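**Q** Note that this note's numbering has the sequence shown beginning at 22, numbered continuously upward.
Keep in mind the hints are simulated off the structure, nothing from the lab. Treat the hints with care, as some may be off.
Label pairs and their computed distance ranges (CB to CB) [stated by the list, open to error]:
#1 Gln-115 x Asp-180: 30 to 36 Å
#2 Val-196 x Glu-228: 20 to 26 Å
#3 Lys-98 x Glu-229: 17 to 23 Å
#4 Asp-180 x Thr-217: 31 to 37 Å
#5 Gly-109 x Pro-251: 46 to 52 Å
#6 Val-215 x Ala-172: 21 to 27 Å
Predicted, not measured: the structure shown is a model, and the values here were computed from it. Positions of the beta carbon are idealized from the N, C-alpha and C atoms, including for glycine.
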Amino acid sequence: MPDAIFSHPRLAPVYDAFDGERDDLTAYLDIVEELGADQVLDVGCGTGSLAVLLAERGHTVVGVDPAEASLEIARSKDREASITWVHGDATAVQGLGADLALMTGNVAQVFLTDDDWTRTLQGIHAALRPHGHLVFETRRPERRAWEDWAADPAPIVLDVPGSGPVEQHREVTDVSLPLVSFRHTYRFLSDGAVVTSDSTLRFRGREEVESSLVAHGFRVLDVRDAADRPGREFVFVSERTT
22 MPDAIFSHPR LAPVYDAFDG ERDDLTAYLD IVEELGADQV LDVGCGTGSL
72 AVLLAERGHT VVGVDPAEAS LEIARSKDRE ASITWVHGDA TAVQGLGADL
122 ALMTGNVAQV FLTDDDWTRT LQGIHAALRP HGHLVFETRR PERRAWEDWA
172 ADPAPIVLDV PGSGPVEQHR EVTDVSLPLV SFRHTYRFLS DGAVVTSDST
222 LRFRGREEVE SSLVAHGFRV LDVRDAADRP GREFVFVSER TT
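Make a model of the complete structure from these sequences and hints.
**A** Structure below.
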């Protein structure tokens with residue numbers, strides 16, 4: 022089940038505001054052009070920020086996500102109805118024949134168990150054409166991002182169109198590596214409603230990620246630094262081997 026931050030009907034509409042400027046998407050748009058991809062699969066597309074940009078550039082785009090509330094936001098951005106939106110996970114788009122699959126926003130870290138990660142890689146492999154590409158990012162465990170999160174507990178208040186002023190507070194609730202758990206608490210100041218969302222991420226090291234890709238039919242072409250967050254994330258560029 023997706024976290025409330027993505028699936029709750031009051032949280033999905035405020036997600037983009039608190040997510041801020043998606044500077045990371047520029048690098049992914051450049052990668053799409055670099056790889057010459059026409060049909061792109063956006064795995065964990067969320068509220069559709071990347072998918073819409075890709076469609077505006079003329080790409081054929083399929084966005085898949087398990088959170089229906091986020092997909093509703095994504096559909097509202099797709100004014101030309103040019104994107105195929107799929108409610109589900111990567112296994113829901115097998116046989117698509119996509120040139121490229123992307124996972125942005127550290128989506129790769131939400132798959133906590135080896136079985137979940139394996140199922141995702143298998144689903145993406147089946148959705149790609151032979152020698153299609155998979156590109157995604159994941160935070161470097163050695164950077165210990167959770168320490169930065171814990172050191173900055175101050176709440177943030179934003180005036181969100183359609184929701185009014187909303188206060189967000191984040192706290193780290195557990196560190197049991199490779200898993201890190203945290204909670205977002207949202208207070209809707211217009212009516213006093215409080216909604217919480219608990220999340221857990223898995224921090225996989227570079228060798229673990231590379232080994233898993235090879236084991237599930239991919240060849241690692243490159244491991245890059247994230248252009249917008251240097252030293253904090255790995256960006257894996259891989260190719261389906263068949």
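**Q** For this structure, which hints from the list above don't hold up?
**A** 1, 3, 4, 5
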